[in-house]
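2 protein chains.
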Amino acid sequence: MPKPGSGEVLVRVQLAGICATDLELVRGYYAFTGVPDHEFEGEVLEAPGESDRVGQRVVGEINISCGKCSHCRAGRRTHYERRLVVGILDREGVFAEFVTMPLENLHAVPDSIPDEGAVFTEPLAAALEIQEQVQAHPSDHVLLIGAGRLGKLVARTLALTGCELVVVVRRETLKQLLTECNNRTISVEEVGENKFDLVVDTSGSPEGFAMAKRGVRSRGTIVLKGTYKGYVNINLSELVVEEITLVGSRCGPFPPALHLLENCLIDPAPIITDYYPLSEGISAFRRAEQPGVLKVLLRPATDIS
Amino acid sequence: MPKPGSGEVLVRVQLAGICATDLELVRGYYAFTGVPDHEFEGEVLEAPGESDRVGQRVVGEINISCGKCSHCRAGRRTHYERRLVVGILDREGVFAEFVTMPLENLHAVPDSIPDEGAVFTEPLAAALEIQEQVQAHPSDHVLLIGAGRLGKLVARTLALTGCELVVVVRRETLKQLLTECNNRTISVEEVGENKFDLVVDTSGSPEGFAMAKRGVRSRGTIVLKGTYKGYVNINLSELVVEEITLVGSRCGPFPPALHLLENCLIDPAPIITDYYPLSEGISAFRRAEQPGVLKVLLRPATDIS
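In order, the protein sequence lines correspond to chains E and D.
Numbered per this note's numbering, the first sequence spans residues 28 to 332.
Numbered per this note's numbering, the second sequence spans residues 28 to 332.
Don't take every hint at face value.
The list treats identical chains as one, so a pair stands whether inside a single copy or across any two.
BS3-like, lysine-lysine: derived pairs with alpha carbons at most 30 Å apart [said to hold, decoys possible]:
no.: 1; residue 1: Lys95; residue 2: Lys222
no.: 2; residue 1: Lys256; residue 2: Lys222
no.: 3; residue 1: Lys256; residue 2: Lys240
no.: 4; residue 1: Lys240; residue 2: Lys95
no.: 5; residue 1: Lys202; residue 2: Lys256
no.: 6; residue 1: Lys202; residue 2: Lys222
no.: 7; residue 1: Lys30; residue 2: Lys95
no.: 8; residue 1: Lys202; residue 2: Lys240
Simulated from the structure, these hints should not be mistaken for lab results.
Taking the hints into account, I'd like the entire structure generated from these sequences.
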């Protein structure tokens with residue numbers, strides 16, 4: 028049982044989700060050891076000096092920052108240079124029955140949002156970060172590359188702008204889920220040249236980036252929304268001549284993610300493939316790695332009760 | 028003597044400037060044959076159907092577009108996909124006594140701007156394109172990489188925002204010219220990490236890009252203002268994690284460049300290293316290639332008179 032430090036609370040994890048970063052983490056792509064994962068929804072069990080928070084359902088931001096440096100004071104707390112990142116960098120993650128979290132990282136979950144919706148707050152915030160950085164105009168033609176766990180949330184948030192969204196998909200099952208949301212899907216071969224005002228690449232692959240480059244129009248924008256392994260060879264002169272903008276995009280704001288969930292504007296339910304108890308965590312990871320599998324959720328609370 | 032086509036006028040070139048692109052062109056980096064160069068100032072000699080333009084001093088935009096396609100109609104005429112580019116792509120350039128230009132590409136030069144100022148309109152417009160694309164806030168810390176012909180114009184336009192501008196320089200003579208403009212200069216070794224809100228790389232080199240990456244802060248912007256030869260190996264994940272924005276930047280708007288020259292807010296005179304008659308064009312190119320040499324201007328008109 029972890030003990031909350033100064034300014035921290037103890038949280039019982041109700042649900043936690045496996046994301047692509049976790050899969051890469053167990054493959055050894057990050058120099059991390061300890062308890063993995065950062066997507067969770069839970070209940071505050073102990074809150075020293077803040078007893079009114081006890082019993083509250085919460086979700087938590089994953090970057091732990093100082094609040095004092097130039098980044099933090101300028102509102103870029105997720106970029107504190109010596110940050111800890113829950114389950115990713117020097118901080119135990121949430122695949123656990125209990126976890127301690129800084130109180131300031133937590134957001135109360137409105138009653139109307141079910142646990143299985145709230146657990147998507149973190150990746151949904153990451154999807155919304157795109158629109159914190161780049162304006163997706165209602166009249167834009169937007170290409171989304173990748174229709175995985177994160178891609179599906181990006182598809183949902185972008186669709187809310189009214190833009191014409193086209194999604195490149197490979198697998199038929201993923202294609203089915205996307206057409207449910209009224210997004211037009213195209214195959215890799217159908218990505219034309221110079222057609223899209225905005226391209227979001229969630230693939231994290233050199234092939235995805237090449238496709239984004241092929242699909243974006245002159246003076247258009249490519250948002251990089253994924254972790255690319257290693258280096259990618261890029262013709263910078265093409266970016267200059269066509270005046271392309273590349274935007275790297277990581278963690279996003281929790282309050283708007285909660286607003287969208289509370290107002291039922293985003294329904295992540297169709298993205299959930301399966302649930303596992305924490306005691307079957309290894310099986311859960313194996314399942315999450317299978318092709319076509321979307322969100323696999325762990326239920327640490329069921330191991331206790 | 029060239030004959031103006033439909034919608035074109037005949038211009039006598041008074042002054043023309045050698046830029047980095049011209050030097051790369053004669054080295055064979057572009058698939059271009061013909062008369063090189065695109066920076067000029069001249070006088071309209073013949074203007075069929077537009078006789079009031081005869082005698083006018085003019086400068087000219089270098090991209091020749093259709094005016095009808097989706098790019099042109101959306102105000103992106105410089106990105107017309109089958110554009111001709113004066114002295115660069117399928118169109119004779121201005122290292123000539125006489126040249127034909129589409130009338131719609133020409134801008135009248137106000138009387139108060141001398142020829143040797145007006146000839147900088149095209150590269151000055153290219154410098155201003157940065158601020159068409161990216162907002163340089165007065166409170167920003169800005170790093171400029173490269174203090175060559177174009178870099179010096181970028182330094183002057185950025186300085187007008189009031190931002191704190193720091194320029195990386197290698198050669199002492201260039202350093203001298205920059206301190207004249209009250210810009211702080213630093214050496215390559217002094218480029219710190221994560222310090223600048225905005226970095227403009229005019230180097231066109233992988234080393235310059237690496238320096239830009241080292242100098243930009245998280246969530247900062249790197250403007251690519253130069254032609255990079257070949258491919259550059261880039262760690263896209265770093266751009267994602269630090270949420271860096273890359274912006275490719277090419278040709279810019281002529282009217283604001285003429286405004287700045289007319290109001291004496293930009294003085295390109297110290298950037299001029301030497302003048303040559305057109306008949307000594309080969310020597311002019313050799314001179315322009317020498318280290319520390321800035322703008323070399325050709326005077327085609329002197330060959331005639």
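How the hints compare with the structure:
no.	hint	verdict
1	Lys95 x Lys222	between (44 Å within a copy, 16 Å between copies)
2	Lys256 x Lys222	both (27 Å within a copy, 26 Å between copies)
3	Lys256 x Lys240	both (18 Å within a copy, 18 Å between copies)
4	Lys240 x Lys95	between (39 Å within a copy, 24 Å between copies)
5	Lys202 x Lys256	within (25 Å within a copy, 40 Å between copies)
6	Lys202 x Lys222	within (21 Å within a copy, 44 Å between copies)
7	Lys30 x Lys95	within (25 Å within a copy, 68 Å between copies)
8	Lys202 x Lys240	within (22 Å within a copy, 37 Å between copies)
The earlier numbered hints are all upheld by this structure, with none contradicted.
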